[in-house]
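Asker: Assemble chain B onto chain A, guided by the hints.
2 protein chains.
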Amino acid sequence: MYINEEKLKELHNHYRIHLINGITGTKAANLIATKSKSGLENVAVFSSVIHLGSEPALIGFILRQGKVERHTFENILETKYYTINHINDTIYTKSHHSSAKFPRETSEFLATGLNSVYLNNFYAPYVEQSLIKFGLELQEVIEIKSNETKLVVGKITDIHLPSNCVHENGFVDLQNAGSMSIGGLDAYYNLDLQARLSYAETSEIPKPIDFNNNGRG
Amino acid sequence: MYINEEKLKELHNHYRIHLINGITGTKAANLIATKSKSGLENVAVFSSVIHLGSEPALIGFILRQGKVERHTFENILETKYYTINHINDTIYTKSHHSSAKFPRETSEFLATGLNSVYLNNFYAPYVEQSLIKFGLELQEVIEIKSNETKLVVGKITDIHLPSNCVHENGFVDLQNAGSMSIGGLDAYYNLDLQARLSYAETSEIPKPIDFNNNGRG
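So the sequence lines, in the order shown, correspond to chains A and B.
Take 1 as the starting number for the first sequence in the working numbering and just add one per residue.
Take 1 as the starting number for the second sequence in the working numbering and just add one per residue.
In isolation and in its complexed conformation, chain A is listed as follows:
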């Protein structure tokens, strides 16, 4: 199937939204949780969390114009702190539910059955049911002029994850943590490891890393 720019414009709006949201491939399934200055908790699905750098540990996410995102963003601007929490197969339905347009004064934690938990004096709540989660401090908000969205950049200050989901060299075992991928607007995928591959060298074809023979990679 070939779709050019002209055909893309002519597509039904819903069709185009599904198509363009799906076509970039799989997205990390995360919940971003915040708390307003006045103490109102907020949590919502964000499928646009992206690694920006490891030193310092900087993570971005894209902010669109919608109502759900706005509450999250207002809280981040007010307080500077937020958490990112992996969606796993025990909470993906509750997580998806948190994307509904709940009013400002409703905590999506209470409305959906996700549990908020406060760890190590971090200001924003975490999602208790998430196995991998981390706290961030706002660094920068960057305008994307092409379509009036924003890239929100934060620095990781706190990380929580189960010991059995981190290998000896720091590799994070997402499958063991039950972390999911999102496809398009509404598809939740489990992960099935094909292989880890050796560091790419020009001189040879990468080889699968044998977890059993080298201290779990």
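Please note: incorrect hints may appear among the correct ones.
[Said to hold, decoys possible] Here are the simulated DSS-like pairs of lysine-lysine, each with C-alpha atoms no more than 30 Å apart in a straight line: (1) A:Lys-150 - B:Lys-150; (2) A:Lys-155 - B:Lys-9; (3) B:Lys-207 - B:Lys-150; (4) A:Lys-150 - B:Lys-155; (5) A:Lys-80 - B:Lys-207; (6) A:Lys-155 - B:Lys-150; (7) B:Lys-145 - A:Lys-80; (8) B:Lys-145 - A:Lys-155; (9) B:Lys-37 - A:Lys-7; (10) A:Lys-150 - B:Lys-145; (11) A:Lys-9 - B:Lys-155; (12) A:Lys-37 - B:Lys-145; (13) B:Lys-80 - A:Lys-150; (14) A:Lys-7 - B:Lys-155; (15) B:Lys-150 - B:Lys-101; (16) B:Lys-207 - A:Lys-37; (17) B:Lys-37 - B:Lys-80; (18) A:Lys-9 - B:Lys-150; (19) B:Lys-145 - B:Lys-155; (20) B:Lys-101 - A:Lys-155; (21) A:Lys-150 - A:Lys-80; (22) A:Lys-145 - B:Lys-145; (23) A:Lys-101 - B:Lys-37; (24) B:Lys-155 - A:Lys-155; (25) B:Lys-207 - B:Lys-9; (26) A:Lys-207 - B:Lys-101; (27) B:Lys-80 - A:Lys-9; (28) B:Lys-150 - A:Lys-80; (29) A:Lys-101 - B:Lys-207; (30) B:Lys-155 - A:Lys-145; (31) B:Lys-80 - A:Lys-7; (32) A:Lys-145 - B:Lys-150.
The hints are simulated quantities; they were obtained by calculation from the structure and are not laboratory data.
Answerer: Quick look at chain B alone, frame taken from chain A:
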């Protein structure tokens, strides 16, 4: 396991790179292909491709300081055109190999066994073995001051995908296309659909979409 900011700084550099690259969750496994003005083809893995908006269809990716990324970026600046191509389980080893630091004059297509193909007069090459692939025109390059990376924004002008990977409403079936997720720096995952969920409403818990009963969702 709890890692605070101080502990994070003290970690071995390799450990921290694996950890921070892994902790954001799964990433789309894509190849970006370009051609220089002088006709040199280039292709490399990018795990930072991100949806920015559907109307217009805008896609971003993050550019770091590395050599591999620089060749891609130089070609995009010179020519304005590039393609994004999904990595699937038939080409993930070849794709990973393309990340090695090949010299500027070496085509990673020739070096790795990925095939370049030109479609519908689009300037940049596509990866023939990718089932889902699209061509973009550069729109904007945005500096991320916090760590001197860049967000490169492009508009989709051409889309190629097999008919059996798009449902009636535009949903892109990534699993059917064999599209993969990347974890950390070197893990390649296949997708296993848990469920598609109905549009989130405040009043009810989302339900799995039954593909068989509603025209495949």
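Asker: Each hint should be assessed against the structure and marked as holding or not.
Answerer: Comparing the hints with the structure gives:
Simply put, Lys-150 of chain A and Lys-150 of chain B have alpha-carbon atoms about 14 Å apart, close enough for the 30 Å limit, and the pair holds. A threshold of 30 Å between alpha carbons decides the hint, and for Lys-155 of chain A with Lys-9 of chain B the separation of about 13 Å falls inside it, so the pair holds. Among the hinted pairs, Lys-207 of chain B with Lys-150 of chain B is inconsistent with the structure: their alpha-carbon atoms are about 39 Å apart, more than 30 Å. Between Lys-150 of chain A and Lys-155 of chain B the CA atoms are separated by roughly 17 Å; this keeps the pair inside 30 Å, and the hint holds.
Taken as a hint, the Lys-80 of chain A and Lys-207 of chain B pair is broken in the structure, with Cα atoms around 35 Å apart against an allowance of 30 Å. For the given pair, Lys-155 of chain A sits about 17 Å from Lys-150 of chain B by alpha-carbon distance, which is consistent with the 30 Å threshold. A hinted pair counts as satisfied when its Cα atoms are at most 30 Å apart, and Lys-145 of chain B with Lys-80 of chain A qualifies at roughly 18 Å. A hinted pair counts as satisfied when its Cα atoms are at most 30 Å apart, and Lys-145 of chain B with Lys-155 of chain A qualifies at roughly 13 Å.
At roughly 29 Å between alpha-carbon atoms, Lys-37 of chain B and Lys-7 of chain A fall within 30 Å of each other, so this suggested pair holds. Of the supplied pair hints, the one linking Lys-150 of chain A and Lys-145 of chain B holds, its CA atoms being roughly 14 Å apart against a limit of 30 Å. The straight-line distance between the Cα atoms of Lys-9 of chain A and Lys-155 of chain B is roughly 13 Å, inside the 30 Å bound, and the hint therefore holds. Straight-line distance between C-alpha atoms of Lys-37 of chain A and Lys-145 of chain B comes to about 28 Å, which keeps the hinted pair within the 30 Å bound.
Restraint check for Lys-80 of chain B and Lys-150 of chain A: the C-alpha separation of about 23 Å stays at or below 30 Å, so the hint holds. With a C-alpha separation of about 14 Å, the suggested pairing of Lys-7 of chain A with Lys-155 of chain B holds against the 30 Å cut-off. The hinted pair formed by Lys-150 of chain B and Lys-101 of chain B meets the criterion: a straight-line CA distance of about 20 Å does not exceed 30 Å. Straight-line distance between C-alpha atoms of Lys-207 of chain B and Lys-37 of chain A comes to about 34 Å, which puts the hinted pair past the 30 Å bound.
Between the alpha carbons of Lys-37 of chain B and Lys-80 of chain B the distance comes to roughly 10 Å, so the proposed pair stays at or under 30 Å and holds. A C-alpha spacing of about 28 Å is found between Lys-9 of chain A and Lys-150 of chain B, which places the hinted pair at or below 30 Å, so the restraint holds. A threshold of 30 Å between alpha carbons decides the hint, and for Lys-145 of chain B with Lys-155 of chain B the separation of about 23 Å falls inside it, so the pair holds. A hinted pair counts as satisfied when its Cα atoms are at most 30 Å apart, and Lys-101 of chain B with Lys-155 of chain A qualifies at roughly 29 Å.
In summary, the hint linking Lys-150 of chain A to Lys-80 of chain A is supported, as the alpha carbons are separated by about 16 Å, within the 30 Å threshold. With a C-alpha separation of about 16 Å, the suggested pairing of Lys-145 of chain A with Lys-145 of chain B holds against the 30 Å cut-off. Note on Lys-101 of chain A and Lys-37 of chain B: the hinted pairing is violated, with a Cα-Cα distance of about 48 Å set against a maximum of 30 Å. A C-alpha spacing of about 29 Å is found between Lys-155 of chain B and Lys-155 of chain A, which places the hinted pair at or below 30 Å, so the restraint holds.
With a CA separation close to 44 Å, the supplied pair Lys-207 of chain B and Lys-9 of chain B exceeds the 30 Å bound. Restraint check for Lys-207 of chain A and Lys-101 of chain B: satisfied, since their Cα atoms lie roughly 17 Å apart, inside the 30 Å limit. Among the hinted pairs, Lys-80 of chain B with Lys-9 of chain A is consistent with the structure: their alpha-carbon atoms are about 21 Å apart, no more than 30 Å. For the proposed pair Lys-150 of chain B and Lys-80 of chain A, the alpha carbon gap of about 23 Å is at most 30 Å, so the pair holds.
Annotation: proposed proximity of Lys-101 of chain A to Lys-207 of chain B holds, straight-line Cα distance about 17 Å (limit 30 Å). Taking the CA atoms of Lys-155 of chain B and Lys-145 of chain A, the gap is about 13 Å. The hint holds against a cut of 30 Å. Between Lys-80 of chain B and Lys-7 of chain A, the direct Cα distance comes to roughly 21 Å. Compliance with the 30 Å bound is thereby established for this hinted pair. As the CA atoms of Lys-145 of chain A and Lys-150 of chain B are separated by approximately 14 Å, the hinted pair is consistent with the 30 Å bound.
Violated hints for the displayed structure, listed by number in ascending order: 3, 5, 16, 23, 25.
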